[in-house]
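J.: Given chain H's structure and the hints, the job is docking chain R onto it.
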Amino acid sequence: MSQNLEKIKSPLDMEPLTIEIHEVEAASRSNTARNDLILMAVFSAVVLASPWVLAPFGAAYPDLLQRFCIFGIFAIGFNIMFGLTGYLSFGHAAFLGIGSYAAVWSFKLLTMNAIPALFFGVVCAGLFSALIGYVCLRRAGIYFSILTLAFAQMSYNLAYSVLTPITNGETGLQLTLGDARMVDAAFGVERTSSLPITNLFGIKMSGYEGFYLCAIILIISFYISIRIFRSPFGMMLRGIKTNQNRMSYTGINTRPYLLAAFVVSGMYAGLAGSLMAVTDPLAGAERMQWTASGEVVLMTILGGAGTLLGPVLGAGVIKYFENIFSSFNKGILHSAFEFLPDGVADFMVTITHPFVGEGWHLTLGVLFMFIVIFLPGGLMEGAQRIGNLFTGGGKSNADSRSGQTQPAE
Amino acid sequence: MDAILLQILNGLDKGAAYALIALGLTLIFGTLGVVNFAHGALFMLGAFCAVTVGKFLSYEVVTLDPSKLTPWGTPAETRTPIVQQWFGDFGAFLVDYSVPFSILFAIPIMLLIGVIMERGLIRYFYKRPHADQILVTFGLAIVVQEIIKAQFGANPIPQAAPVLLAGSADIGAIIGFDPGTVVYPYWRIIYLLFSGLIIGIVFSFLQFTTYGMVVRAGMADRETVGLLGINIQKRFTVVFGLAAVVAGLAGVMYTPILPPDYHMGMDFLVLSFVVVVVGGMGSLPGAVAAGFLLGVLQSFASMNEVKNILPGIDQIIIYLVAVVILLVRPRGLMGRKGVMES
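Going down the list, the sequences are from chains H and R.
Once you know that position 362 of the first sequence is 960 in our numbering, the rest is easy, because the numbers rise by one and skip nothing.
Once you know that position 95 of the second sequence is 130 in our numbering, the rest is easy, because the numbers rise by one and skip nothing.
Bound-form chain H, shown alone (with noise of 0.2 Å):
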């Protein structure tokens, strides 16, 4: 989208609402389609060759290529719902975990196919989210954001305690053998002596096979949410984070647009939540407490709330830095800073030490907290400024004034 564009759109001047959407629709269809278009090739090659172009940082193993996408998925959902609306739900975690235990129970009493555990996940979280939304979105604000958080530790301790026959408490849902597989045993598959794989038709889904299925999920997830972004309904939701009251004001009732972002966010986490069952089929409850909420909050910040690629982003150099950072040891550390002088080297080791291994945690805490402070549009918005320092210094400095306005996608 560009810069005129963006400005126009600003909260400031959004004096006639929709006749000033349609407007900057109809005139910007043709130029944002093209973009959008070209957005969509790029992030569909780059996911599809992943594998291939990670493989110089050492990432491109399927298990870690399937968090990437896993928690893409997550995190585009979460953001149609905090990026868009600006409601900060503290308790998505919830349907990630709904969606898991749903997935698996699919595979224990259905089959092991992938796709009714995809849709019976998605489809209890959308339920489980359109019950728990109806009644958080009574209130806004930071009200919410408790009562989403209330929520979400509700269920965490529900499955720990009382539904431990549907949960499998602390061991977590697991499969066996003597699970029923009813559509499997109608369709004559053979039981074999080991666990069953679960599959996609036959093809195996772990490894490559796995990772492919997660990369086309997330593609599609990736367009719905452009659709979303661009769509009038995406355009009310916007509307509302920019000024719920104007919006009343204009005659509309906003409570069916947020609980349809959040019915919907919920449906992508449920999504997610059962692809992590197909990749690994087995669920357990802290999927659901509420740092596992954070820590899709935190992705969503670090790439940059409100845009279309942040999120990803942020999922992506989370679950990497996640992954590389808590394997070094000092041995690691050591060979690094082997250019040093000895004394230099060791005081480098004793000093990034805590931050690695055990410890990236606070590495992780110490990023996010400076992306709050001074970058709080995230990485997306770093990129954008870093992209006018080389355009030209002087939209730079309009764009920044404008200070908390979307950056552009």
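Warning: the hint list may mix true and false statements.
A few chain R positions that, by computed beta-carbon distances, are all more than 10 Å from chain H [said to hold, decoys possible]: (1) R163; (2) Q180; (3) A195; (4) A208.
In silico lysine-lysine, BS3-like type, Cα no more than 25 Å apart, as pairs [to be verified]: (5) R:K184 to R:K90; (6) R:K184 to H:K928; (7) R:K162 to H:K839; (8) R:K269 to R:K162; (9) H:K839 to H:K706.
Simulated from the structure, these hints should not be mistaken for laboratory data.
Every residue gets a Cβ at the ideal spot worked out from N, C-alpha and C, and that includes glycine.
T.: Quick look at chain R alone, frame taken from chain H:
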């Protein structure tokens, strides 16, 4: 009857911790308008003040005593804490009372941490949206938590209550029930009295001193107080420090009840937020009342009689109360009209 009394007593000490943390949270929110997700971390830091002091006091010297022999024929080792060697009986007393003794250290340290936190970070976030405040303090909480984990490890570190106070009081026998039905540890009684004392000090500071009066005026109308030529910002910084001290002391005294580990702050934070919301954002008496109330409620919900009727209720009762309160009476039990209502 005795069972009910026991549950009330059991709930009170946890409620006291909630009340102290929630008191600080709502004090910060009322004065600075900041939602502080790092307040649990302050509670945890207080607990680790006690751990540190306990560690220093328990450094031991080993002396060999040739006159006594172990069964293996080697001279018997006796270990005495250095402090005891230096100060004799007084030293031994210090080692025994290390937890209450830590209070002396925790007060200046927590005050300092609070002031640094406010001046160094929080003040840049007054004008930012609540979501940003939540996020940055959440990040800070992670950082503090991880530093503590790097220093002290991930395992809980138990702290002993003084020997004299380690036992339990048979309260039932005193007030006429069968002996042994209502037994309550001495330390929890101490904790209750202590939290009552702290709450009393905070309230009388705000109510009966000129300084407190100005702070209250600032909470009611910050602009006018500023126009009268008072540097209200400076006082609010002190209030932040005070809130940090309250949370820290709550943590110090809680260590014999719950061995501190690095994530205890987060566990208490979520519940304390719920307490603040139930009590009413910005209402100090509300926070205290709701703290004790929810502590007792939680304790009642974990009775077997209740659990048999409503399984799992003990796990969710606090959140359930919060949801109902937020939906029915969003300003909380004692919140002022119009605070955070939209």
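J.: State for each hint whether it applies.
T.: Comparing the hints with the structure gives:
1. Against chain H, the non-interface label of R163 (chain R) is violated: not every CB pair exceeds 10 Å, the least being about 8 Å.
2. The claim that Q180 (chain R) lies off the interface is violated: its Cβ sits roughly 8 Å from the closest Cβ of chain H, which falls inside the 10 Å cut-off.
3. No Cβ of chain H approaches the Cβ of A195 (chain R) within 10 Å, the least distance being about 28 Å, so the stated non-interface status holds.
4. Annotated as non-interface, A208 (chain R) keeps its C-beta farther than 10 Å from every C-beta of chain H; the closest such distance is 34 Å.
5. Among the hinted pairs, K184 (chain R) with K90 (chain R) is consistent with the structure: their alpha-carbon atoms are about 16 Å apart, no more than 25 Å.
6. For the hint pairing K184 (chain R) with K928 (chain H), the CA-to-CA distance comes to about 18 Å; that is within 25 Å, so the pair holds.
7. With a C-alpha separation of about 17 Å, the suggested pairing of K162 (chain R) with K839 (chain H) holds against the 25 Å cut-off.
8. About 17 Å separates the Cα atoms of K269 (chain R) and K162 (chain R), which keeps this hinted pair within 25 Å; it holds.
9. For the suggested pair K839 (chain H) and K706 (chain H), the alpha carbons sit about 42 Å apart, so the restraint of at most 25 Å is broken.
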